[in-house]
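Visitor: Heads up: the protein sequence lines correspond to chains Y and D, in order.
Note that my numbering numbers the first sequence so that position 147 is 147, with each residue one more than the last.
Note that my numbering numbers the second sequence so that position 106 is 106, with each residue one more than the last.
Hints are computed from structural coordinates only; laboratory data are not their basis.
Every residue, glycine too, gets a C-beta built ideally from N, C-alpha and C.
Treat the hints loosely; a few may be bogus.
One side of the interface only, derived from the structure: several residues of chain D facing chain Y at Cβ under 7 angstroms [to be verified]:
{"#": "1", "residue": "Glu20"}
{"#": "2", "residue": "Val56"}
{"#": "3", "residue": "Gln57"}
{"#": "4", "residue": "Gln68"}
{"#": "5", "residue": "Thr69"}
{"#": "6", "residue": "Ile83"}
{"#": "7", "residue": "Thr120"}
{"#": "8", "residue": "Ala143"}
{"#": "9", "residue": "Ile149"}
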Amino acid sequence: METDRLIEALAADAEIRQPRIGTTLTWALLLALPVSAVLFMLVLGVRSDVRTAMHNPFFDLKFLVTLALAFSAIAVSLHLARPEASFKRWSWLLAIPAAMVGLGIVAEMMMPHERPWLTRLIGNNAMSCMMSIPLFSAPVLVAALLALRRGAPARPELAGAVAGLLAAGLGATLYAAHCADDSPLFVAVWYSIAVAIVAGVGAIAGRHMLRY
Amino acid sequence: MRRRDDEWTVLMRSANAGDEAAYRRLLRSVAPVLRAAAYRGLARAGQPVDQAEDIVQEILLAVHLKRQTWDATAPFAPWLFAIARNKLIDALRRRGSRVFINIDDFSETMAAPAAAETLTSAEIASHLDGLPQRQRDVLRSIAVESASIKETAARLSMSEGAVRVALHRGLASLAGKLRES
Numbered sequence: 001m002e003t004d005r006l007i008e009a010l011a012a013d014a015e016i017r018q019p020r021i022g023t024t025l026t027w028a029l030l031l032a033l034p035v036s037a038v039l040f041m042l043v044l045g046v047r048s049d050v051r052t053a054m055h056n057p058f059f060d061l062k063f064l065v066t067l068a069l070a071f072s073a074i075a076v077s078l079h080l081a082r083p084e085a086s087f088k089r090w091s092w093l094l095a096i097p098a099a100m101v102g103l104g105i106v107a108e109m110m111m112p113h114e115r116p117w118l119t120r121l122i123g124n125n126a127m128s129c130m131m132s133i134p135l136f137s138a139p140v141l142v143a144a145l146l147a148l149r150r151g152a153p154a155r156p157e158l159a160g161a162v163a164g165l166l167a168a169g170l171g172a173t174l175y176a177a178h179c180a181d182d183s184p185l186f187v188a189v190w191y192s193i194a195v196a197i198v199a200g201v202g203a204i205a206g207r208h209m210l211r212y
Numbered sequence: 001m002r003r004r005d006d007e008w009t010v011l012m013r014s015a016n017a018g019d020e021a022a023y024r025r026l027l028r029s030v031a032p033v034l035r036a037a038a039y040r041g042l043a044r045a046g047q048p049v050d051q052a053e054d055i056v057q058e059i060l061l062a063v064h065l066k067r068q069t070w071d072a073t074a075p076f077a078p079w080l081f082a083i084a085r086n087k088l089i090d091a092l093r094r095r096g097s098r099v100f101i102n103i104d105d106f107s108e109t110m111a112a113p114a115a116a117e118t119l120t121s122a123e124i125a126s127h128l129d130g131l132p133q134r135q136r137d138v139l140r141s142i143a144v145e146s147a148s149i150k151e152t153a154a155r156l157s158m159s160e161g162a163v164r165v166a167l168h169r170g171l172a173s174l175a176g177k178l179r180e181s
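Turn these sequences into a full structure, and let the hints steer you where they fit.
Guide: Rendered as structure tokens:
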């Protein structure tokens with residue numbers, strides 16, 4: 001085929017405009033979140049003492065951390081969908097949720113406690129946490145990867161991993177409403193493991209799905 | 001160099017606003033630059049340079065299908081060269097080379113004279129046969145037989161809208177086939 005003719009064909013197709021990635025990703029998340037939410041209500045549901053729990057700042061902190069993870073990962077995902085993007089310039093955003101957990105741990109350490117720190121860290125829901133977060137993240141991860149296929153990431157594995165962080169942030173937000181372990185130590189260990197699992201799955205999927 | 005980059009950015013903005021002629025001019029203007037870079041990449045990898053046109057067409061296709069990822073407030077050239085580099089690396093890997101792409105491959109090319117002749121590649125054409133019939137017919141008509149969308153619609157007894165859809169899907173399928181090959 002002559003290159004000039006290919007150019008003619010591309011020009012003839014110029015009229016079909018694709019929406020921007022941000023728009024596509026927003027729609028994908030809006031469609032996937034109800035699926036995850038229904039899954040959450042069916043499998044676990046909100047914890048029964050939620051009204052009292054809401055007065056516990058460490059319960060609230062869980063949501064701040066997971067939502068910070070989700071939003072910073074959304075921003076980085078959109079950035080990485082561009083072919084000329086550099087990860088370095090934006091990666092610091094992902095440190096925000098980690099810093100919030102760190103501050104939470106320090107704050108909790110300074111307060112008097114009935115239970116020793118190791119007990120709080122191990123908690124009662126470690127297994128449930130590590131299995132539930134990936135489960136509720138799954139619909140979001142699928143939707144996010146499909147949306148990001150419109151992008152042109154220079155590093156598909158990395159883009160997939162960040163999509164995993166995004167999905168895990170939202171999945172963990174749901175799970176946090178069920179889990180009775182509110183200690184930042186518990187969050188730092190078990191939520192992180194769950195988030196890492198989802199990010200790993202995202203990286204593997206990204207390698208196949210996000211190449212362009 | 002700087003003037004050329006600015007011109008590309010302006011053309012791409014017009015193209016995004018629906019100016020087909022500006023888009024055509026842009027693609028015609030970037031093709032020789034991509035060609036020179038593809039020659040250089042193939043030569044450095046010890047591959048026959050007569051495959052350069054395959055790579056040029058693959059890059060153009062990717063530019064077309066991913067143009068919504070270009071940020072209209074940013075210059076066009078870095079975006080273009082990022083896509084070109086990615087596709088060149090891909091193409092060389094597929095041909096079994098260990099790849100060392102120099103970042104300067106593309107900036108050096110800026111000085112390279114533009115080859116005027118029209119070149120042909122066999123690779124994209126060979127993938128046409130694997131497409132669904134309608135996409136294949138439309139692409140053949142427009143990209144091989146130089147028919148317009150209107151003529152193609154009349155020839156294949158399709159609506160112009162259906163021709164546009166088939167054309168767009170056909171281009172996307174071609175890119176997919178190149179990626180898998």
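Visitor: All the hints need checking, so say for each whether the structure fits it.
Guide: Outcome of the hint check:
1. Glu20: holds, 5 angstroms
2. Val56: Nearest chain Y Cβ about 6 angstroms off; hint holds.
3. Gln57: With Cβ-Cβ at 5 angstroms, under 7 angstroms, it holds.
4. Gln68: The hint holds - Gln68 of chain D has a Cβ within 7 angstroms of chain Y, the shortest such distance being about 4 angstroms.
5. Thr69: holds, 5 angstroms
6. Ile83: holds, 5 angstroms
7. Thr120: holds, 5 angstroms
8. Ala143: holds, 4 angstroms
9. Ile149: Holds, about 6 angstroms.
The structure fails none of the hints (numbered hints given earlier).
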